[in-house]
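Novice: Chain by chain, the residues:
Number of protein chains: 2
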Amino acid sequence: MFTLKCTDGLARAGILHTEHGDVPTPAFMPVATQGSVKTLDSTDVSDLGASIVLSNTYHMYLRPGVEIVEKFGGLHGFMGWDAPILTDSGGFQGFSLEHLRDVTDDGLIFKSHFDGTLHDFSPENVIDHQERLGADIIMVLDICPPAGSADIQLDKAVELTSKWAVRSLNAHSRSGQELFGIVQGGLSKAHREKSADFITSLGFPGYAIGGVSVGESKSNTYDVVEFTVPMLPEGSPRYLMGVGSPEDLVESVALGIDMFDCVLPTRIARNGSLLVNSGRMNVDKSKYSNFEGPIETDCNCYTCTNHSVAYLHHLFRTKELLAYRLATIHNLSYVLRLMKDIRESVLSGTFEQYRAKFHSRFIPPDEETRRIQKRKWLISRKRIREQLK
Amino acid sequence: MFTLKCTDGLARAGILHTEHGDVPTPAFMPVATQGSVKTLDSTDVSDLGASIVLSNTYHMYLRPGVEIVEKFGGLHGFMGWDAPILTDSGGFQGFSLEHLRDVTDDGLIFKSHFDGTLHDFSPENVIDHQERLGADIIMVLDICPPAGSADIQLDKAVELTSKWAVRSLNAHSRSGQELFGIVQGGLSKAHREKSADFITSLGFPGYAIGGVSVGESKSNTYDVVEFTVPMLPEGSPRYLMGVGSPEDLVESVALGIDMFDCVLPTRIARNGSLLVNSGRMNVDKSKYSNFEGPIETDCNCYTCTNHSVAYLHHLFRTKELLAYRLATIHNLSYVLRLMKDIRESVLSGTFEQYRAKFHSRFIPPDEETRRIQKRKWLISRKRIREQLK
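Chains as they are written, first to last, in the numbering used here: chain A, 1332 to 1720; chain B, 1332 to 1720.
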């Protein structure tokens, strides 16, 4: 299902073949959590140049329910999206939404975030849900240990992830739908090795690196990616789950990653944080009330073509719903263009020049923002760590 | 500025000529309260077929401020809207937002709804604000007496509205911008007559009927329109302020009205109430979770072309921002198409057939909804009535 077209250093350009069309890689997957990339519909996302989207099994399972999506021809029919789709297993949300109630050898029990009902995900029923949702690529149920997990927790996470991978493979039968394996193991090279050895021995058509977007620092994330990528087969696509800031995309491609998903570009857009070559523009700030011209002069997105920064500032200040849409369009357009440029640079053997140029302009988000984000993660992970003991 | 093309009974079809282009009438003006028709940008509104929009002086004066809008080339430049714009005087919001503090012979004092600061609107400064906002059509400051006002309150409202009309005319100097007069007088024919006599004697290029969207019943509204329209000159456009449900549009055109504005289609859209030939579809209801097909089979709007009712239901249930946009697109498209069909029927001399067909399909919203709406209005009007005593 994957053709590796070209490498440049460790960076790769390829094509992912699916029933709903080809995906040029490296690829960023916008996240349609509940069947909509927030503020956008499928035509909008297609117009932005996305060739694949991700949707969350956890959310679609709870609402509208797998039966309804299935009745409408799966996610493709329900969302009106004709191109490739990937669904995650739902396990990550079961953990991350702080509604995890129990983890057993057979799966996990969680409380619905909106009506409080209890549900369980097992390796088998998660495959069933995803088969009925009908995505082109689906994921095994795994255990994603939180940042800072001790060895004993990593042992258990790797062990269960391995067992569940076998059960997932056995449960999967729908043709025209590829099941990817997931490598876990936290920051520990030994655990990643153990996990990768086992998971790759099962012969999945693609492999994900999980557990790096759970509050780890950027340098830790890059370390894990750096030592885990060589453990994965060269001929298969490599998917780094939950990563997607511009700087992380560039650095992860440099380490050999092919696929990404992340809510960051769309989430920060709704907070008025716009992606620009030099980092982030917080359009809500007073200094932008008067600002003529677009967000980024070299951006040809709909928002930059049609609207001034001052207008966006006004829309954010007055909480007009249009603000969130225009900001989302810009940020997604920014990331998708970045991926396209990265791919072209790999194909032309100039990736390192591209990467250097990117970093020469880029000022990373300030440490305070990072610290707040991390603290939030650590708190939400506390409960999960308890469950894994 | 107005060409009356054709009449059919009392119904009229005409063309409003402005510096930013022609507006075929009868016309509905979508409301861009804060410089955006909620959830949409100017290209969206243009794509829906609107030829003119209304923006609120009160809101734009408070945020972003007249200076900023002026710097960006007025509302046209700031919003990126090249077609005609009408601004109201701001007086209605000063009243209706329950922030009215005082009414004097010189204008009104109100408290900003978002930061609590005090501001005053006078006939003169409201003209200045509107000249700088740069709309094609602007409105005089008037007194809009609440539903159920006693004669003594109507006396005062008509008297001040008359005085202020003269002051507004004297203050207005910007060329290429037409100033409309407003007739007030509540439900009283005598007061309407007095107001109309005076206002029309001043020779405005267009006339509005104000004070009918302030909690009056539909039959009262129709009565007022019926006896007020003949008091207005035939050659000038007649604008019924704040009215815009489909049934009211049809009935008011039948009485000789040419222009309308109303937040109803966009506001109810955001509550999941969709305009259909038979009345309203509350898409949030459980029975729609499974509903295949579009909102209305004969609707060619973007939403109906691309999405099922079940998908919309899901988006509303999960509070996805996309829901509000798709519903807004449908409702505005519905109303704008209605106006186009009405106009065509007038031009072809078949308006009464069109009107009969409209009503044969239509089931009015239930009385309970109406009662709730009315109660809200009455409460918010209590304070205003005090001020007018």
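Honestly, the hints are just simulated from the structure, not real lab data.
None of these values were measured; they are calculated from a predicted model.
Just to be clear, a hint being listed does not mean it is correct.
A pair holds if it fits inside one copy or across any two, identical chains being indistinguishable in the list.
Heads up, simulated SDA-like pairs for lysine to any residue below, C-alpha to C-alpha not over 20 Å straight-line [as the list claims (entries may be wrong)]:
no. : residue 1 : residue 2
1   : LYS1402   : PRO1625
2   : LYS1336   : LYS1671
3   : LYS1616   : ALA1687
4   : LYS1671   : THR1338
Novice: Evaluate each hint against the coordinates.
Specialist: Each hint, compared with the structure:
{"no.": "1", "hint": "LYS1402 with PRO1625", "verdict": "between (43 Å within a copy, 16 Å between copies)"}
{"no.": "2", "hint": "LYS1336 with LYS1671", "verdict": "within (15 Å within a copy, 54 Å between copies)"}
{"no.": "3", "hint": "LYS1616 with ALA1687", "verdict": "neither (30 Å within a copy, 54 Å between copies)"}
{"no.": "4", "hint": "LYS1671 with THR1338", "verdict": "within (15 Å within a copy, 58 Å between copies)"}
Of the numbered hints listed earlier, the single one contradicted by the structure is hint 3.
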